[in-house]
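Those protein sequences? They're chains D and P, same order as listed. For the first sequence, my numbering puts the final residue at 418, and the numbers step up evenly by one. For the second sequence, my numbering puts the final residue at 1121, and the numbers step up evenly by one.
Don't read these hints as lab results, they were simulated from the structure. One should not assume that every hint holds.
[Stated by the list, open to error] With a Cα cut of at most 20 Å, we get these calculated PhoX-like pairs of lysine-lysine:
1. D/LYS164 / D/LYS210
2. D/LYS385 / P/LYS1069
3. D/LYS399 / P/LYS1073
Quantities reported herein were computed from a predicted structural model and do not represent experimental measurements.
As a plain string of letters, each chain reads:
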Amino acid sequence: MFSNNRRKLLQASGALAAVGSLGVASRAQAAAPRVVVVGGGFAGATVAKYVRLWNPQIQVSLIEPNPSHVSCILSNLVMTGAAGMSTITLRYDALRTRYGVNIVADRAVGIDTVSRVVTTANGTRLPYDKLVLAPGIDFDAIPGLDSAVLPHAWQAGPQTLALKAQLDSVPAGGTFVMSIPKAPYRCPPGPYERACLLADSLLRRRRAGKVIVLDANSDVVAEPHTFHTAFQTTYAGVIDYRPSSEVLSVDWAGKKIVTNWETIAFDAANVIPPQRAGKLVAAAGLLGSDPATRWAPVNPLSYESKLVPNVHVIGDSQGTGQPKSGHMANAQAKVCADALVRYFAGEQPDPAPMTSSACYSPITATTASWLTVVFAYDPVSGLMKAVPNTLAEAPAPTKGHYEDMFGWARNLFADSFG
Amino acid sequence: MTAYGKTLPGALALALLGAASAYAAPPPGRLLAAQCAQCHGTNGQAVSGMEKLAGESEGEIYKELIEMKAKLKPDEIMHRQAAGYSDEQIRLIARYYASLGKSGSTASTGTSSRNRKSRDD
Ligand SMILES: Cc1cc2nc3c(=O)[nH]c(=O)nc-3n(C[C@H](O)[C@H](O)[C@H](O)COP(=O)(O)OP(=O)(O)OC[C@H]3O[C@@H](n4cnc5c(N)ncnc54)[C@H](O)[C@@H]3O)c2cc1C
Chain D
1 MFSNNRRKLL
11 QASGALAAVG
21 SLGVASRAQA
31 AAPRVVVVGG
41 GFAGATVAKY
51 VRLWNPQIQV
61 SLIEPNPSHV
71 SCILSNLVMT
81 GAAGMSTITL
91 RYDALRTRYG
101 VNIVADRAVG
111 IDTVSRVVTT
121 ANGTRLPYDK
131 LVLAPGIDFD
141 AIPGLDSAVL
151 PHAWQAGPQT
161 LALKAQLDSV
171 PAGGTFVMSI
181 PKAPYRCPPG
191 PYERACLLAD
201 SLLRRRRAGK
211 VIVLDANSDV
221 VAEPHTFHTA
231 FQTTYAGVID
241 YRPSSEVLSV
251 DWAGKKIVTN
261 WETIAFDAAN
271 VIPPQRAGKL
281 VAAAGLLGSD
291 PATRWAPVNP
301 LSYESKLVPN
311 VHVIGDSQGT
321 GQPKSGHMAN
331 AQAKVCADAL
341 VRYFAGEQPD
351 PAPMTSSACY
361 SPITATTASW
371 LTVVFAYDPV
381 SGLMKAVPNT
391 LAEAPAPTKG
401 HYEDMFGWAR
411 NLFADSFG
Chain P
1001 MTAYGKTLPG
1011 ALALALLGAA
1021 SAYAAPPPGR
1031 LLAAQCAQCH
1041 GTNGQAVSGM
1051 EKLAGESEGE
1061 IYKELIEMKA
1071 KLKPDEIMHR
1081 QAAGYSDEQI
1091 RLIARYYASL
1101 GKSGSTASTG
1111 TSSRNRKSRD
1121 D
């Protein structure tokens, strides 16, 4: 306690010295600290909300071009028709009115990390003391693939409806081909969940032909017990799972997909391309010079970039190796918000942050499984590491879990956006 | 690590001097407790379909989490979550929620919960 006070005093005198060296300080300079957040998904919305919740003296601007966020979470239920778009459409009103976040309805196009200014498409310039980037993911190009025509639906919104149209277009006995990129990608169990719901949907419509799952990975990436059981038992004869199969090109007109093994004809398809940090992250120099770096290297105590000072990266764009989930994006946002609040108080970040993920996956129209893990900071390696005994999947999909899924999602939506 | 975090820009330094109390360090347990909020609501105020933590006593929350950790039932997602935290961390979480009271009001910079740290476990 004493040493803590002493440290604060020292910092205050340091601050005085800084003021002195500036000469006469204007009123403008005494303005509140400014945090600018780019991207209003789970990560960006949560960090904007929690900085304001925890210290309303800090000004927060959130740059996001869309009038509301369409959540990927539960979006596979929109694909099947079990839920509507309104269930997954999350508004920014509460961030603005309850927490006083300044919502800038525009796209960030430029970042000057030296003079600390973000520029938006319409030319607005937003100066920052701390910048948080949360732009989600970007995709690799696949020859012949135009996602506007053949949706990935790995960002929700119009893509989700385009995927629903693909599913609805499958003729009786037809073939649906979907592909899974190499890990790490957004939502480890997500593609397998989608495969199950495609099969379930076709079965219920009595149109069951085949769902061919091309997985670039050598085995199921998440919840292996749940999904192997689903593929081999629940959906035996419908789901045809092909591991180590990478999509090399797509022939949309000829309705064929070429993999490292074979050429497969489809009636409808869903190609999910390999992923990397949102474009802005690379543009701001946060990936460094090695083109193999896909996710921003950050310090997990604060999510500050290891390459550029005062720029933090959270959510799917960051590269700490933690799973890319909405729950996790929210968790990281809170660690970052806490570090920002401490920073403006002249304090170091919490030395022992925790994060976690919890995901529910529908397996049939009435049952769901779950996946969970807790991460702790390891001071020796400087990494976030899974705590022993916390990584687990539900022993079996149940109706109870299916109901819990909606309670879980409602609360995650509210904690991030409400 | 870099030295960037160490020197505050002049404007911030001024702001700090002007309103030192508003920039106090967070109360202990707040960040840990916030990791429950994804499911149990901001400040423990769950919206629906999940248990509220606001209004529960320190003893209740502590006991429940410690028991879950000891049991680890395979069909209980919450047992796995509890297993991620040390007894001391669980104590901090329980104490923080208890300090918010039933209304779950925001102890944004409160030094009062910091003082509670001296109370013996
Ligand atoms: C089918 C599917 C199911 C899923 N299920 C689950 C689940 O059950 N549980 C779970 O926890 N997670 C789930 N996820 C994962 C979850 O959706 C992501 O991990 C989460 O959305 C990541 O949050 P984010 O904030 O990093 O990115 P996003 O949510 O993608 O948000 C990024 C935001 O940044 C904005 N943006 C991008 N560039 C700019 C720019 N230049 N200027 C301004 N704004 C910009 C975008 O418009 C977007 O709103 C699922 C994902 C999918 C695809």
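Hint check:
| no. | hint | verdict |
| --- | --- | --- |
| 1 | D/LYS164 / D/LYS210 | 17 Å, holds |
| 2 | D/LYS385 / P/LYS1069 | 19 Å, holds |
| 3 | D/LYS399 / P/LYS1073 | 18 Å, holds |
Comparing the model with each numbered hint stated earlier shows that all of them hold.
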